[in-house]
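Peer 1: Each chain, written out:
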Amino acid sequence: VLVFTRRRGEAIIIGDGIEVRILRVGRDGVRLGVSAPMTTPVHRQEVHEQIREANRAAADPAAADPAHRASVEALLKARLP
Amino acid sequence: MTPGSLASSTSDLQPAPGIETPHTEREVVMFPQGLPGFEACKSFVVFAADAAPFQWLTSVEGPPASFLTVDPRIVLPTFRYALSAADLSRLKVADDAPLLWLAIVLVDADGTVSANLRAPIIINPATMTGHQLMPQDCLYPLQHLIYTPAA
Numbered sequence: 001v002l003v004f005t006r007r008r009g010e011a012i013i014i015g016d017g018i019e020v021r022i023l024r025v026g027r028d029g030v031r032l033g034v035s036a037p038m039t040t041p042v043h044r045q046e047v048h049e050q051i052r053e054a055n056r057a058a059a060d061p062a063a064a065d066p067a068h069r070a071s072v073e074a075l076l077k078a079r080l081p
Numbered sequence: 001m002t003p004g005s006l007a008s009s010t011s012d013l014q015p016a017p018g019i020e021t022p023h024t025e026r027e028v029v030m031f032p033q034g035l036p037g038f039e040a041c042k043s044f045v046v047f048a049a050d051a052a053p054f055q056w057l058t059s060v061e062g063p064p065a066s067f068l069t070v071d072p073r074i075v076l077p078t079f080r081y082a083l084s085a086a087d088l089s090r091l092k093v094a095d096d097a098p099l100l101w102l103a104i105v106l107v108d109a110d111g112t113v114s115a116n117l118r119a120p121i122i123i124n125p126a127t128m129t130g131h132q133l134m135p136q137d138c139l140y141p142l143q144h145l146i147y148t149p150a151a
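Residue numbers (this note's numbering), protein chains in the order written: chain S, 1 to 81; chain V, 1 to 151.
There could be a bad hint or two in this list.
Quick look at which bits of chain V chain S covers, simulated, 3 or more residues with Cβ under 8 angstroms [what the hints assert, rightly or not]:
hint, stretch
1, 45-58
2, 66-74
3, 100-108
4, 121-135
With beta-carbon atoms standing in for the labels, derived distance ranges [to be verified]:
hint, chain 1, residue 1, chain 2, residue 2, range
5, S, Gly9, V, Asp137, 20 to 28 angstroms
6, S, Ala78, V, Cys138, 29 to 37 angstroms
7, V, Ala109, S, Arg6, 28 to 36 angstroms
8, V, Leu145, S, Ser71, 17 to 25 angstroms
9, V, Pro149, S, Ala64, 43 to 51 angstroms
Derived from the structure by calculation, the hints contain no laboratory data. All figures in this text were calculated on a predicted structure; none of them were measured in a lab. Every residue gets a Cβ at the ideal spot worked out from N, C-alpha and C, and that includes glycine.
Please model the complete structure; the sequences and the hints are all you need to start from.
Peer 2: Put into structure tokens, the structure is as follows:
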């Protein structure tokens, strides 16, 4: 892990096109401005983590088994007219 | 580009007879980034479940992963999602191209059925490329209830 000390208005550059600038420093928060190429996704870490968890919870490990799929489908059909 | 108008494009993705069987190239949808939590899964097939209007989204390469999905417009008719320029560029689509929209369905142990409307999956049938959207500011719940078992 690289550690930098930056002041308000200063920035770091990552790779070829990513700039992270310190816009404001508060008591318990820092406001960052991120400039990145359109093709580079930038997300709050907790949003990413939340979606990973949701995907893991929804993944059906037994779905390769046609009998299992049929039972899930039967359950859905029974509940959702 | 509304998800609801795209339900018919599901039929372009031919139902697979069973996921053990090999698939033709035409049926395979590439997810260059995989799905969050399943980054190693980059090839999926989509096939209609016996229970309409659900589909199975199943990994055919890398670790096994299967998801039950549904068009978000079916479970929430007012569903709208503005694609960012980054999303459009990642899918290599013009902003008026027809897309297939899928929300991942969660069937809970207690029988509750919900759909993840926060991070829908979009597939561009023209390029057979897919991508799970990750919103910056989210309007929709991770678990939009479709069915709650009676207490």
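Peer 1: Is the distance from the Cβ of Gly9/S to the Cβ of Asp137/V consistent with 20 to 28 angstroms?
Peer 2: holds, 26 angstroms
Peer 1: Just to make sure I understand the rule, a stretch counts as covered if three or more of its residues have a C-beta closer than 8 angstroms to a C-beta of the chain. Does the stretch 100-108 of chain V meet that for chain S?
Peer 2: holds (count 4)
Peer 1: How does the Cβ-Cβ distance of Ala78/S and Cys138/V compare with 29 to 37 angstroms: does it lie in that range?
Peer 2: Given about 32 angstroms between the Cβ atoms, the range holds.
Peer 1: Taking a Cβ-to-Cβ distance below 8 angstroms as contact, does the stretch 66-74 of chain V have at least three residues touching chain S?
Peer 2: Coverage by chain S holds here, the residue count being 3 at a Cβ distance below 8 angstroms.
Peer 1: Range hint 28 to 36 angstroms: satisfied by the CB atoms of Ala109/V and Arg6/S?
Peer 2: Violated, since Ala109/V and Arg6/S (Cβ atoms, about 47 angstroms apart) do not stay within the stated range.
Peer 1: Count the residues of the stretch 121-135 of chain V whose CB lies closer than 8 angstroms to any CB of chain S, then report whether that count reaches three.
Peer 2: holds (count 3)
Peer 1: If you check the beta carbons of Leu145/V and Ser71/S, does the distance land in 17 to 25 angstroms?
Peer 2: Roughly 22 angstroms apart at Cβ, these two residues keep to the hinted range, so it holds.
Peer 1: Determine whether the Cβ-Cβ distance between Pro149/V and Ala64/S falls within the hinted range of 43 to 51 angstroms.
Peer 2: Since Pro149/V and Ala64/S have Cβ atoms about 27 angstroms apart, the given range 43 to 51 angstroms is violated.
Peer 1: Apply the coverage criterion to the stretch 45-58 of chain V and chain S: a residue qualifies when its Cβ sits closer than 8 angstroms to a Cβ of the chain, and three qualifying residues are needed.
Peer 2: Since three or more residues must qualify, the claim that chain S covers the stretch 45-58 of chain V holds, with 6 doing so at under 8 angstroms.
Going down the numbered hints, you'll see the structure goes against 7 and 9, while the others check out.
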